[in-house]
Amino acid sequence: MSIGSTTNITQAALRDVPGPLLELTDVRTHFRTPRGLVRAVDGVSFTLERGRSLGIVGESGSGKTILSRSIMGLLPTKGTERSGSIRFAGTEVGNKSRKEMRHIWGKEMAMIFQDPMTSLNPLMRIGDQIAEPLRLHLGMSKADAAATARRLLQDVRIPEPDRRLAQYPHEMSGGMRQRVMIAIAMACGPTALFADEPTTALDVTVQAQILDLLGEQRRERNMSLVLVTHDLGVVAGHTDEIAVMYGGKLVEKAPTKRLFAAMKMPYTEGLLASIPKLEDRSHSRLNVIPGRPPDLVNPPKGCRFAPRCPYASARCNEEEPPLTATQDDPDHSYACWYPVGSPEYHEARARINASAGVN
Amino acid sequence: MTETTEFTDAVTHTPGATIDDQIDARFKRVRRRRVPKFGVLFGATFLIVLLFLTVFADWLPFIRNADTKVRVNGKLMSNYKLGPGWDAWWGTDGNGFDVFARCIYYARYTLWIGISSTAIGLFVGGALGMLAGYFRGKTDRVISVLIDCLLAIPALVLAIMVVRRLDDIKLDFTFLGWMSRLWQIILTLSILAIAPLARIVRAQTMALREREFVLAGRSLGAGNMRILFKEILPNLIPAMVTVAATGLGILIAAEGALAFLGLGLETSWGFMINANRNRLEKAWWATIFPCIMLFLTVLSFNLIGDRLARRFDVREAAV
Amino acid sequence: MRYFFQRFLQLLLVFVIVTFVVLVVMRVGSSNAQELAIKLAGRPLKPEESDALIQQYNLDANFISQYLTWLKNLVFHFDLGFSPQAGQSVADLLKPRVWTTVLLGLYANVFGLLIAIPLAVTQAYRRDRPFDKVGSMATFIAVGVPGIVLGVFLKLIFVVQLGWFPSIGDKIYPWDDLHEHFMNFFLPTLTLTIPVAAIYTRLLRADMVMTLQSDFITLASAKGVPPRRVVWKHGLRNSLFSLVTAVGTQLGALIGSAVLVESLFDLDGLGSQLVVSVLSADLFTVQSFVAIIVLIVVVVNLLVDLSYALIDPRIRQARALG
Ligand SMILES: Nc1ncnc2c1ncn2[C@@H]1O[C@H](COP(=O)(O)OP(=O)(O)OP(=O)(O)O)[C@@H](O)[C@H]1O
Ligand code: SF4
Ligand SMILES: [Mg+2]
Chain H
0 MSIGSTTNIT
10 QAALRDVPGP
20 LLELTDVRTH
30 FRTPRGLVRA
40 VDGVSFTLER
50 GRSLGIVGES
60 GSGKTILSRS
70 IMGLLPTKGT
80 ERSGSIRFAG
90 TEVGNKSRKE
100 MRHIWGKEMA
110 MIFQDPMTSL
120 NPLMRIGDQI
130 AEPLRLHLGM
140 SKADAAATAR
150 RLLQDVRIPE
160 PDRRLAQYPH
170 EMSGGMRQRV
180 MIAIAMACGP
190 TALFADEPTT
200 ALDVTVQAQI
210 LDLLGEQRRE
220 RNMSLVLVTH
230 DLGVVAGHTD
240 EIAVMYGGKL
250 VEKAPTKRLF
260 AAMKMPYTEG
270 LLASIPKLED
280 RSHSRLNVIP
290 GRPPDLVNPP
300 KGCRFAPRCP
310 YASARCNEEE
320 PPLTATQDDP
330 DHSYACWYPV
340 GSPEYHEARA
350 RINASAGVN
Chain A
0 MTETTEFTDA
10 VTHTPGATID
20 DQIDARFKRV
30 RRRRVPKFGV
40 LFGATFLIVL
50 LFLTVFADWL
60 PFIRNADTKV
70 RVNGKLMSNY
80 KLGPGWDAWW
90 GTDGNGFDVF
100 ARCIYYARYT
110 LWIGISSTAI
120 GLFVGGALGM
130 LAGYFRGKTD
140 RVISVLIDCL
150 LAIPALVLAI
160 MVVRRLDDIK
170 LDFTFLGWMS
180 RLWQIILTLS
190 ILAIAPLARI
200 VRAQTMALRE
210 REFVLAGRSL
220 GAGNMRILFK
230 EILPNLIPAM
240 VTVAATGLGI
250 LIAAEGALAF
260 LGLGLETSWG
270 FMINANRNRL
280 EKAWWATIFP
290 CIMLFLTVLS
300 FNLIGDRLAR
310 RFDVREAAV
Chain E
0 MRYFFQRFLQ
10 LLLVFVIVTF
20 VVLVVMRVGS
30 SNAQELAIKL
40 AGRPLKPEES
50 DALIQQYNLD
60 ANFISQYLTW
70 LKNLVFHFDL
80 GFSPQAGQSV
90 ADLLKPRVWT
100 TVLLGLYANV
110 FGLLIAIPLA
120 VTQAYRRDRP
130 FDKVGSMATF
140 IAVGVPGIVL
150 GVFLKLIFVV
160 QLGWFPSIGD
170 KIYPWDDLHE
180 HFMNFFLPTL
190 TLTIPVAAIY
200 TRLLRADMVM
210 TLQSDFITLA
220 SAKGVPPRRV
230 VWKHGLRNSL
240 FSLVTAVGTQ
250 LGALIGSAVL
260 VESLFDLDGL
270 GSQLVVSVLS
280 ADLFTVQSFV
290 AIIVLIVVVV
300 NLLVDLSYAL
310 IDPRIRQARA
320 LG
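Protein chains in written order, with numbering that gives the first Met the number 0: chain H, 0 to 358; chain A, 0 to 318; chain E, 0 to 321.
Treat the hints loosely; a few may be bogus.
[Unchecked claim] Among the chain E residues that face chain H by a calculated CB cut under 10 angstroms, a handful are:
id: 1; residue: Q9
id: 2; residue: L218
id: 3; residue: P226
[What the hints assert, rightly or not] FRET-style restraints, in silico, Cβ to Cβ:
id: 4; chain 1: A; residue 1: F37; chain 2: H; residue 2: L271; range: 37 to 47 angstroms
id: 5; chain 1: A; residue 1: R310; chain 2: H; residue 2: R31; range: 18 to 28 angstroms
id: 6; chain 1: A; residue 1: R309; chain 2: H; residue 2: I274; range: 23 to 33 angstroms
id: 7; chain 1: E; residue 1: V109; chain 2: A; residue 2: F174; range: 26 to 36 angstroms
id: 8; chain 1: H; residue 1: S312; chain 2: A; residue 2: K229; range: 51 to 61 angstroms
id: 9; chain 1: A; residue 1: I291; chain 2: E; residue 2: W163; range: 54 to 64 angstroms
id: 10; chain 1: A; residue 1: I236; chain 2: E; residue 2: Q54; range: 55 to 65 angstroms
id: 11; chain 1: H; residue 1: E317; chain 2: A; residue 2: I236; range: 19 to 29 angstroms
id: 12; chain 1: E; residue 1: I167; chain 2: A; residue 2: I291; range: 43 to 53 angstroms
Keep in mind that the hints were calculated from the coordinates and are not lab data. The beta carbon of each residue, even a glycine, is placed where N, CA and C say it ideally should be.
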């Protein structure tokens, strides 16, 4: 065991370690089930620099949640097979037990859940829930913790923090509760924040506020942010990079601007098409990608997207495309034989358009 | 393919649950099928064998008549002379009766009392519960108070009171003259069964009432009685059967308790236990075997009830 | 407050109905007041004796006035009636025995909870592992064992085989002699506690398993709260509902078991006295005993109701508003 054996890595020390904050190599998370091995995350690699934000996007069931929980180590022990390397600030955390991870949770890595209505303890005052990690990790006194909790509430723009501290979750609206969740996550000043669909359960107007708040806190605290969502529109304005997942694999990764300007994966294209446009919010989700997500027990042999891909050809069904960088931008990689813009792509498009014209 | 859909759906519906539990939710169906049914199997076998033995006891050569005293070489085996052994499998009691034979014969009364009082309780309690749950409002309030009242008196206290009073009352009212001790007990135990059954049926009816097929029936103008009997009753059966199985166990235990206290039949396991319990030291068999019979019978019904509760998802019955 | 008041009235109604019905059941069937008086006395009476009884308890009126008389005597004079068969007032009959039953009930609940809470929490925390499976099986069996069976077995083992405890019980209270009290009350308490603990455990485990699936539990872990604290501090309090309810609903069964246990272990208490009174048709005594038991059940259920508000601020506030 090298540095990994020291469980109480201090934050200052962490901040000083050179290199990327998060480094994943070939991470796999499989679940043994009566039906067979579910390959929820199947060979994901990427790096995330300090203070940067990454959006993980994909359809439901593509493995986003399991990936982010794998990084945090918040997985069940029973029937789970994990492999690959997860380095956090230079330390391997992929093989740590829950017991060891406990000192990192809340302190170095924090998480925000999707549903603020069910994610706070209904029988505990807000103030106590925020103070809990402060007292546990930072050993603060009751009074200090209360004062810090108050400041945190101000930071997340909750009016009348003193009154709110003494309230119970049911006395607050969903948006307020999500702010409280952010305050809790932020309490010990983590270096990485994982937000799993933090706005899905909220009103549209509140969604933007919460995302802005997250971005602002990230910049102020120099945190890295991993934002998980099924909505490309959500990550567009709020992350530096975007990783697209399909069937447990990373299929495209690029800086945000670049992705929207020059996406390569037909799947990403499909996701983009399914973003509801402002003018037709009423019947949103008009262009959902047809077909079902792949069976994770017996995934398709070649490209996992092939059964649903409009541009698929014989090769796609036989050989799996590797994740490769584009020629003009090393930060942009994709896994596709006939990416958007290739000659075959245009050919296939023409074919599709023609047949559409005939009918 | 359909299975895949199920799994993905399950994840979307329970976002963020602890992952251990998500697995469970997702694979409940699969997992259930794999649990060995050892428990029910045991319970069902025991009850079937017991039923067979007690019904055909008269014709089975290895079961002595319950009222025949055991003699070995012409000598009366009274005063617990025989322990468990070849001549009397479970030994003899103070009067020289065969404990095994009595245990088997008395199962008749136990089972008969349990089944008939459950049936009556189910009929009355079920009707009350359905009325309360379906009509709500005043009907419900009246029936609920009735249920509360029945539940406010501890079951056994109610039982000993009613059985004892029936002794006198049937002398006062000649039209009750037909009532034997057996029927007194059946009647009493049915009263005990009414309140819990009514409560569960009421809750289930309330839930069913709001289901589409019932609402649809009502909007089509079907009469209340028609809806109650054609739509709601059939859907109540699983819950009723489940609760009845567990209830049977409880009522049989109550029958044993009544007999033990001297308020039941003398042809009962409970009575045997009471009659011999001060001789535990000298002759454990005369007390312990009836205890084991009572225990296994109650356990068997509980095992079956538990199985049914899981099968039909009846939470109330699964304590 | 309003909620509490409503609930109180409801339970009062239950009390009145039950005691009235019990009175009717106890007295129905006699064709005239003299006959009823003789029945109540349990022995032949001289005319002036029976007249006095009729006078005192209003026996020649209808059941409702009889009931009102009984209730009036109870409320204004604390008069529980007279037990002609015991030759003393019901209150005197009751007083020396009441502690036996109260202590048994108290012990069963206290020890039941002391066993159930840690057991259920551990089971839920280690769900589906061997500990939980064995625990579930054990509690399943324990819930179903008939009280007499359990009592007889304990007696066989601890009294007959091991000889640790006396075979005939004696009601010795802790303030008389602690050691003797233990010797006499241990087995009856154990007989009562085992099923109670089992029921509590099963209910709490089920609720706890549900709670541990909640998002807020995962969040607590993700905050770095140690598992022990997650389970005890965040999990337990959110899982108490069924358990608290059961303390109320199981009370009846517990009193029933107490009747059996007192008889089985020859402990002189309300339960064993009740059996004696019922058997000898001591109508006054039975009437008063049942009234007291119902009163206890009703009061405990009221307390249970109040404790919901203590546990859950949502209920507290909803009630404060309502
Ligand atoms: N404990 C488990 N056991 C077996 N399969 C699991 C388990 N947890 C998740 N899965 C499977 O892993 C796949 C990925 O799940 P995950 O929750 O990561 O999807 P997601 O991308 O977050 O989707 P969503 O948008 O619905 O949250 C799903 O198909 C799911 O069925
Ligand atoms: S590899 Fe083939 S099937 Fe897969 S996305 Fe590219 S074109 Fe479509
Ligand atoms: Mg997810």
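The hints, checked one at a time:
1. Checking Q9 (chain E) against chain H by beta carbon gives a least distance of about 27 angstroms; that is not within 10 angstroms, so the hint is violated.
2. The beta carbon of L218 (chain E) is positioned within 10 angstroms of a beta carbon in chain H (closest approach about 5 angstroms), and the interface hint is therefore held.
3. Given the 10 angstroms rule on beta carbons, the hint for P226 (chain E) holds: about 8 angstroms separates it from the nearest Cβ of chain H.
4. For the hinted restraint 37 to 47 angstroms between F37 (chain A) and L271 (chain H), the CB-CB distance of approximately 55 angstroms leaves it violated.
5. For the pair R310 (chain A) and R31 (chain H), the supplied restraint of 18 to 28 angstroms holds, since their beta-carbon distance comes to about 26 angstroms.
6. Separated by about 45 angstroms at the C-beta atoms, R309 (chain A) and I274 (chain H) break the suggested range of 23 to 33 angstroms.
7. For the hinted restraint 26 to 36 angstroms between V109 (chain E) and F174 (chain A), the CB-CB distance of approximately 50 angstroms leaves it violated.
8. The beta-carbon spacing between S312 (chain H) and K229 (chain A), approximately 58 angstroms, falls within the hinted interval of 51 to 61 angstroms.
9. Here the CB-CB span from I291 (chain A) to W163 (chain E) is close to 23 angstroms, at odds with the stated 54 to 64 angstroms.
10. Taking the beta carbon of each, I236 (chain A) and Q54 (chain E) are about 56 angstroms apart, inside 55 to 65 angstroms as hinted.
11. Restraint check, E317 (chain H) to I236 (chain A): a C-beta distance of roughly 55 angstroms breaks the suggested window 19 to 29 angstroms.
12. For the pair I167 (chain E) and I291 (chain A), the beta carbons lie near 25 angstroms from each other, so the given range of 43 to 53 angstroms is not met.
Comparing the model with each numbered hint stated earlier shows that hints 1, 4, 6, 7, 9, 11, 12 do not hold.
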